[in-house]
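Sequence lines, in order, name chains A and B. So the first sequence is numbered by our numbering: it starts at 1 and just counts up by one. So the second sequence is numbered by our numbering: it starts at 1 and just counts up by one.
Read the hints as simulated data drawn from the structure, not as lab findings. Treat the numbers as computed from the prediction; the structure is a model and nothing was measured. C-beta atoms are modelled at their ideal positions from N, C-alpha and C, and glycine is treated no differently. There may be inaccurate statements among the hints.
Said to hold, decoys possible - Under the rule of at most 27 Å between Cα atoms (straight-line distance), these lysine-lysine pairs were calculated in the DSSO-like manner: (1) A:K179 with A:K245; (2) B:K236 with B:K4; (3) A:K179 with B:K236; (4) B:K84 with A:K240.
Stated by the list, open to error - Over 10 Å on every C-beta distance to chain B, these chain A residues come out as not near it, computed from the model: (5) Q48; (6) I60; (7) S152; (8) A176; (9) Y195; (10) I238.
To be verified - Just so you have them, the derived chain B footprint on chain A, three or more residues with Cβ under 8 Å: (11) 66-78; (12) 84-90; (13) 94-107; (14) 220-234.
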Amino acid sequence: MQTRVLLIQIGTIIAIIVLWELLVYWRFADPLFLPSPSTIISSYSRIQNVALNSLLETFIKTLLAFSMGAGLGILIGIVIGSRPLLHEVLNPYVFGLYSVPRIVFLPLIILFLGIGSNSTIFYAVLHTILPVIIVVEGGVRNIDRRLILYASTLGATRLQLYSKVIIPAAMPSIMAALKLGIIFSLLGTLIAEMYLSLSGVGFLLQKLSYAFKSAEVFALTGVVASLAIVIVLVLSGINKKVVEKWL
Amino acid sequence: MYLKIFVLRFSILGFILLIWEFSSSYLPQTFITPPSKVFPLLLTIWINLDFLGHLYVTIFSILLAFGLAAVSGLLLGLALGVWKMLRDVYEPLLSTFYAVPNVVWYPLLLLFLGLDIMSKIAFAYLLSFFPITLTTISAVVNVDKVLIRVAQSMGASKLTVFYKVIIPASLPTILSGLGTGLALCVTGVIVGEMLGGIYGLGVLIASAATLFETAHYFAYTIVVIIIALVVNYTSKVLERLSRGV
Numbered sequence: 001m002q003t004r005v006l007l008i009q010i011g012t013i014i015a016i017i018v019l020w021e022l023l024v025y026w027r028f029a030d031p032l033f034l035p036s037p038s039t040i041i042s043s044y045s046r047i048q049n050v051a052l053n054s055l056l057e058t059f060i061k062t063l064l065a066f067s068m069g070a071g072l073g074i075l076i077g078i079v080i081g082s083r084p085l086l087h088e089v090l091n092p093y094v095f096g097l098y099s100v101p102r103i104v105f106l107p108l109i110i111l112f113l114g115i116g117s118n119s120t121i122f123y124a125v126l127h128t129i130l131p132v133i134i135v136v137e138g139g140v141r142n143i144d145r146r147l148i149l150y151a152s153t154l155g156a157t158r159l160q161l162y163s164k165v166i167i168p169a170a171m172p173s174i175m176a177a178l179k180l181g182i183i184f185s186l187l188g189t190l191i192a193e194m195y196l197s198l199s200g201v202g203f204l205l206q207k208l209s210y211a212f213k214s215a216e217v218f219a220l221t222g223v224v225a226s227l228a229i230v231i232v233l234v235l236s237g238i239n240k241k242v243v244e245k246w247l
Numbered sequence: 001m002y003l004k005i006f007v008l009r010f011s012i013l014g015f016i017l018l019i020w021e022f023s024s025s026y027l028p029q030t031f032i033t034p035p036s037k038v039f040p041l042l043l044t045i046w047i048n049l050d051f052l053g054h055l056y057v058t059i060f061s062i063l064l065a066f067g068l069a070a071v072s073g074l075l076l077g078l079a080l081g082v083w084k085m086l087r088d089v090y091e092p093l094l095s096t097f098y099a100v101p102n103v104v105w106y107p108l109l110l111l112f113l114g115l116d117i118m119s120k121i122a123f124a125y126l127l128s129f130f131p132i133t134l135t136t137i138s139a140v141v142n143v144d145k146v147l148i149r150v151a152q153s154m155g156a157s158k159l160t161v162f163y164k165v166i167i168p169a170s171l172p173t174i175l176s177g178l179g180t181g182l183a184l185c186v187t188g189v190i191v192g193e194m195l196g197g198i199y200g201l202g203v204l205i206a207s208a209a210t211l212f213e214t215a216h217y218f219a220y221t222i223v224v225i226i227i228a229l230v231v232n233y234t235s236k237v238l239e240r241l242s243r244g245v
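Could you build the full structure based on these sequences and the hints that come with them?
Dropping the structure here:
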């Protein structure tokens with residue numbers, strides 16, 4: 001059953017690629033706009049060097065933004081989640097800010113921090129921190145109240161309450177927040193690079209697109225997309241292991 | 001308690017406005033415009049026909065993208081939710097595709113569809129199609145099996161089970177998926193317009209910021225924020241209503 005599902009999945013992907021190749025081969029689609037898969041693969045070698053450099057740079061920016069955004073977000077999420085008053089007061093702001101397209105703040109950030117990595121990383125932190133806060137806060141609020149009550153009747157101090165009860169109990173949601181956070185920081189970095197920057201994958205993609213190099217755009221998009229998928233799959237694997245061990 | 005929360009909430013807003021007002025007297029006007037200048041502008045931009053045209057284009061793109069995504073996402077989601085074989089095969093593919101940072105598709109869409117509104121509509125469609133589909137699938141899958149079994153044992157046909165049990169039982173979750181989808185359509189259209197476009201609020205925001213017309217930048221940004229909050233609030237109310245019934 002499992003292998004059959006896998007076979008059909010692979011078959012679907014291969015069928016799409018073959019159909020695509022044939023569509024271009026029979027000139028149903030203009031190769032100027034829709035290059036065939038074979039041209040895309042061969043065009044990758046032309047941009048390989050610059051693409052690898054840009055990928056590395058974007059990856060570093062993403063990791064920086066992720067570590068800051070996720071760290072702060074988890075901290076804020078735990079604090080807001082464990083204090084009902086703080087939650088009631090701040091919740092509309094957190095959710096409101098989360099529902100607003102954050103790209104509208106990007107010009108202001110660039111105005112203050114200038115064009116370049118600083119503004120990109122700042123924007124990506126902003127992009128990461130809100131979903132992380134929301135997930136962690138939800139996780140902390142859903143902790144069984146009795147656990148906290150028992151621990152405090154047994155004389156746990158506030159610090160022990162956080163380190164021995166709240167954080168361990170919220171661990172699954174913290175892991176989920178980390179997984180979400182890395183996707184959001186990659187997204188934020190790419191958006192900021194595409195909007196206005198001087199380097200990185202987003203910048204390169206936008207530049208290739210404006211230069212109308214469609215095969216190269218396809219190739220780079222494919223590389224970035226598959227890297228993102230690999231990251232997510234690896235994180236899901238780690239996530240599952242941690243959650244299993246924890247429960 | 002409620003009064004205290006209310007007061008605290010508004011005092012935060014007041015505090016932000018105060019800081020904004022005071023900091024702007026120490027910073028150059030190109031960096032930040034005080035609220036006392038932004039809000040009068042916010043009242044006067046509505047008589048500007050040019051602005052209304054841009055606003056119309058943005059709202060039209062959002063609604064068109066959402067309509068397309070809602071119809072196709074619901075149909076696909078219901079189909080995959082009902083047929084287990086199809087779901088086993090295609091749900092993992094969909095959720096893998098969904099995990100890709102969506103903005104990487106935008107340069108491709110710009111290439112295909114040009115700088116005009118079509119590329120924004122397609123991008124917003126792409127953003128909201130996946131969550132709508134995936135939420136619909138999980139809504140249908142998570143319908144209580146007992147409900148279906150009971151209806152079947154009372155002699156309901158497959159079609160009756162679908163219309164009378166599966167749809168009503170999964171409606172709240174489906175509506176929340178649609179709410180997420182609509183919010184993502186707003187984001188998609190604004191992001192698309194800001195990354196490259198001819199018409200729309202995003203274009204206005206980007207060009208105001210580039211030309212250092214900071215007061216206009218703030219005013220347009222506030223309009224976008226209002227649109228996003230209204231969308232968010234409406235979808236929350238709809239979802240709550242459907243859970244109540």
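Taking the hints in turn, this is what the structure says about them:
no., hint, result
1, A:K179 with A:K245, "holds (17 Å)"
2, B:K236 with B:K4, "holds (24 Å)"
3, A:K179 with B:K236, "holds (26 Å)"
4, B:K84 with A:K240, "holds (24 Å)"
5, Q48, "holds (18 Å)"
6, I60, "holds (16 Å)"
7, S152, "holds (22 Å)"
8, A176, "holds (13 Å)"
9, Y195, "violated (6 Å)"
10, I238, "holds (15 Å)"
11, 66-78, "violated (count 0)"
12, 84-90, "holds (count 4)"
13, 94-107, "holds (count 10)"
14, 220-234, "holds (count 7)"
The structure fails hints 9, 11 (numbered hints given earlier, in ascending order).
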